[in-house]
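**Student:** Protein chains in written order, with our numbering: chain L, 1 to 388; chain U, 1 to 221.
Hints were generated in silico from the structure; no laboratory data involved. Hints are all accurate, no fakes.
Residues from chain L that keep clear of chain U, each with C-beta distances beyond 10 Å, as calculated: (1) Arg77; (2) Leu150; (3) Glu255; (4) Gly272; (5) Val277; (6) Lys385.
Facing chain L, from chain U, some residues (calculated, C-beta under 8 Å): (7) His23; (8) Gly26; (9) Val30; (10) Val37; (11) Asn39; (12) Pro40; (13) Tyr63; (14) Asp64; (15) Leu69.
Where is the CB? At the ideal position from N, CA and C, for every residue including glycine.
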Amino acid sequence: MNTDTVSKQKTTSISAGEMLLKTARNRAFITGSEAVAEAVRRANVDMAIAYPITPQSESMHLIGDLYAQGHIKDYYRAENEFAVMAAIHGASLGGGRVFTATSGPGTLRAMEMFPVWAGSRQPIVCAFMCRGVALPPSIQPETIEIAFLLDTGMMIFHAENAQDYFDMILAGYAIAEQPEVHIPVGVFADGFFVTHTREVVMLPPDDLRLDAYNCDLAPIPPFDMEHAPIRMVRDPLLNKSNFVSYAASGGWHLEVLAAAERARKHINHYMGGLIEVENPDAKVMIVASGTAVSQSREAIRVMSQQGMTDVGLIKVKSIRPFPEKEIEQATAKASLILVPEFNAGGWLAREVKASIDNNKRVVAGPRVFGGASLPSEVIIGEIKKHQY
Amino acid sequence: MENQNLDIRMAGLGGQGVVTAAHILGTAVVAAGKYAVVNPFFGAEKRLAPTESYVRISTEKIYDRGEVLYPNIIMVFAPQVITQGKSHTMPFYAGLKKNSLVIINSPDPIVPEKDMAKLDALGAKVVHVPATKLAVEFTETDLATNMTMLGALCGLADNLVTLESIMTAVEERFSGKSKVVASGTSAALDEAIKSKFEKTASMIEMNSNAIRKAYEFAKQF
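Okay, chain L solo, but in the shape it has when bound (with noise of 0.2 Å):
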């Protein structure tokens, strides 16, 4: 395999910490789609692998040029969703670092690949732009996919727009590169609201690209289904073996769940926590996501212009792992929490009432599904229809 053409050998490569928190960064006016490509040129990735998809499709056909210009070293479109999913796994396996990204029913259709690579404890980054599946079909931007995801083992961070994605997509390799974490991340994005929403972005020089992945502080060999642990604890499910190889599969669910708490003070350190908090003492409190933290920026902006002050914001950065302990400190003073969201489901009202004491302080919405914008005016309407 040709490894640096000359574009990549003229980048320095530097530390996570130094890129993510250090470097003096430059204004641009880019889309979601392009901040996902500017942080897989900084990313020092070395194979990619696309399938297109709506909303996705853009940036992994960005990542494409990327690899025409020497910044990644192998780059195809495969099969399909699972086909990529799988073979990004074989790649992650051989000790690569790794990139892919999907959207909605691409996202269900390699549904099978997810745990694989959380129990496999391999650190794959992948994009997830979300989009409506078939209830009924809708390419608009709906966050239903993430409610599929949350047991699979992985990390799931959700991005506000385009510059949270850009850095959660650089912080998703330095947290789950961490030997004492070593499991997968998906870095979620609503579709068009971020993807196609083109904005200012600060980004660091694109002459810097993180250090090169060390595959050799991995907890497990790499390229390596066939010896302890991985072969233990594949063997009683298709061998149906004895109780001693139940238990070292069981045991090893606990590890990758133990791996991702394990993951919670990287994410204290590269992403500066796992909710960020604003107004911490209001009565009424949002506990949000994705664009609809930023919907709720926009509804909480105009309502202290009409001299409602009394409401804050709980921006949820991590969702696996969860930041219960931060969402009961952050709610404590709260009579009133709201969770507007982009699905129908209400998945993480769901998250925030099993976090919570005295639940019934819960409103699961407002929420919209099919596409529809958020429009502030509606939070506000739901606020106002419990409180003020």
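With the hints as your guide, set chain U onto chain L.
**Tutor:** Then chain U, alone, in the frame of chain L:
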């Protein structure tokens, strides 16, 4: 500053450059030191399918995103948006704020009487601009309709952006100086546009000329 918050909705048909127009306007606004957030709305990407794009402009950081439901300015790139209802938003002026601006690409008035009465009641300024006609006249292709629509916008909306900053943004968009996300379809369209001209430079020059003509036309109103 006037226009602290300005929300623009552009409606047209796939292939007319509705998304590109929003991109260029946003670039010009940001270059002028204001905030802009730009996003499109479309279904499957195909020519002549209903397409909308939105430009939010403010002197402060913008959080709101998605469809612009309550616009200050509506730009209708294709008469069919009104005459055939080829639009995501029906009627085309749904949510229009009071004392706003509507720019319609048509040589003749096409807004039905009953809709015109509603627009009058809102205090809307409705201007018909022969944008496609001007595009064909000065660039020899209707694909530059988005350019003439931007020129008309500049001529009609005071203190929004200068004509020069639009010209600079057009140059950035097509000269390859800036990185542009082009989906397969828009990349193909870019090539189609460029193939109609010997060189990108002459294309940019012709576009600039068309923008200026549309600007001068709109200044009459």
